[in-house]
Each structure stands twice: as C-alpha cells, then as structure tokens.
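So the sequence shown is residues 556 to 689, counted in our numbering.
No lab work stands behind these hints, which were simulated from the structure alone. Remember, predicted model here, so these are calculated numbers, not experimental data. Hints should not be assumed to be uniformly reliable.
Claimed, not checked - Derived lysine-lysine pairs resembling DSS-like cross-links, with alpha carbons at most 25 Å apart:
| hint | residue 1 | residue 2 |
| --- | --- | --- |
| 1 | K586 | K613 |
| 2 | K649 | K615 |
| 3 | K586 | K615 |
| 4 | K586 | K559 |
| 5 | K680 | K649 |
| 6 | K615 | K629 |
| 7 | K619 | K649 |
| 8 | K680 | K613 |
| 9 | K586 | K571 |
| 10 | K649 | K559 |
| 11 | K629 | K619 |
| 12 | K649 | K586 |
| 13 | K586 | K657 |
| 14 | K613 | K649 |
| 15 | K586 | K680 |
| 16 | K619 | K680 |
| 17 | K559 | K613 |
| 18 | K649 | K629 |
| 19 | K657 | K619 |
| 20 | K629 | K571 |
| 21 | K629 | K657 |
| 22 | K586 | K619 |
| 23 | K571 | K657 |
| 24 | K571 | K613 |
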Amino acid sequence: MFEKVLVSTDFSAPSKQFIHCVEEFRCLGVKEVVLAHVVDFRTAGMSMEAFRIHDETKLKEERKRFENLGISTKTVVTIGNPSPEIVHFAEEEKASLIVIPKREKGTIGELIIGSTAQSVTQRSKIPVLVLPCA
C-alpha cells in the first residue's frame, strides 16, 4: 500500500528517535524511503548554504541505516519554508505517504501537533502520518 514513503526530519533529538520507528515500516511493505530535510530560511540566517551542505551529510548517514535494512533510500535537502517544501518533495517523488514527527510542547502540546506537522497535514493531498516523539 505505502511502497514509497517520504520521511521528513529536522535532526532534533525527537526527530532522530522517530527515524528509528520508521525502520519498522519495512515489515509493512515499504520498499523506498525519501529522507527529506528543509533548511528553514526564516531561521538559518546568512549561512543557509553551509547548513544545507552540513545537513546533506547528516542525511547520508541516516540513509545508510535504511539501505542496510534493504530499503532503497534517497535524500533531498533544500532551503525554504518547511511545510510547502515537504509537500512539494512528496508530490515530486510520487510518495504514497508522508511521515513527519510531532514534537511535544508540554501539557498543552499533547492536544495539538507542531506547526510544521499541522501545516503539512492541511496542505497535502497525500496521506500524512504524524508520529509522536518523546
């Protein structure tokens, strides 16, 4: 059903933890993973290109883990506004599912999802799975 999955990461501790969960997707028939990261132009400042290059290296490390499990993996990094870029990546890659982490933001955070995750769910025509992270 979900053979090609786009996995969005921001390299935060919760996001790294959530990538380990995605490894289990192989049991569900996932054959290909697209690891995506967007350098947020609103917070990266003048060194956006340096962030992009650094983040490409980090994604390649994560890619090895999936490939060692026999899952074909591609990485994509760009600079922009995360929500629309994640949806764009998923559409461009013809992903059948977008997986994005939800970060807890305290007691109230249990009731809402993060702004990026929420925006992706509202924009996307592709199913979105929001995974909670501790």
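Now for the hints, and whether the structure bears them out:
no.: 1; hint: K586 / K613; in the structure: 22 Å, holds
no.: 2; hint: K649 / K615; in the structure: 21 Å, holds
no.: 3; hint: K586 / K615; in the structure: 18 Å, holds
no.: 4; hint: K586 / K559; in the structure: 6 Å, holds
no.: 5; hint: K680 / K649; in the structure: 11 Å, holds
no.: 6; hint: K615 / K629; in the structure: 9 Å, holds
no.: 7; hint: K619 / K649; in the structure: 22 Å, holds
no.: 8; hint: K680 / K613; in the structure: 28 Å, violated
no.: 9; hint: K586 / K571; in the structure: 21 Å, holds
no.: 10; hint: K649 / K559; in the structure: 8 Å, holds
no.: 11; hint: K629 / K619; in the structure: 10 Å, holds
no.: 12; hint: K649 / K586; in the structure: 13 Å, holds
no.: 13; hint: K586 / K657; in the structure: 24 Å, holds
no.: 14; hint: K613 / K649; in the structure: 24 Å, holds
no.: 15; hint: K586 / K680; in the structure: 21 Å, holds
no.: 16; hint: K619 / K680; in the structure: 29 Å, violated
no.: 17; hint: K559 / K613; in the structure: 21 Å, holds
no.: 18; hint: K649 / K629; in the structure: 13 Å, holds
no.: 19; hint: K657 / K619; in the structure: 24 Å, holds
no.: 20; hint: K629 / K571; in the structure: 17 Å, holds
no.: 21; hint: K629 / K657; in the structure: 22 Å, holds
no.: 22; hint: K586 / K619; in the structure: 15 Å, holds
no.: 23; hint: K571 / K657; in the structure: 12 Å, holds
no.: 24; hint: K571 / K613; in the structure: 11 Å, holds
Going through the hint list in order, the structure does not satisfy hints 8 and 16.
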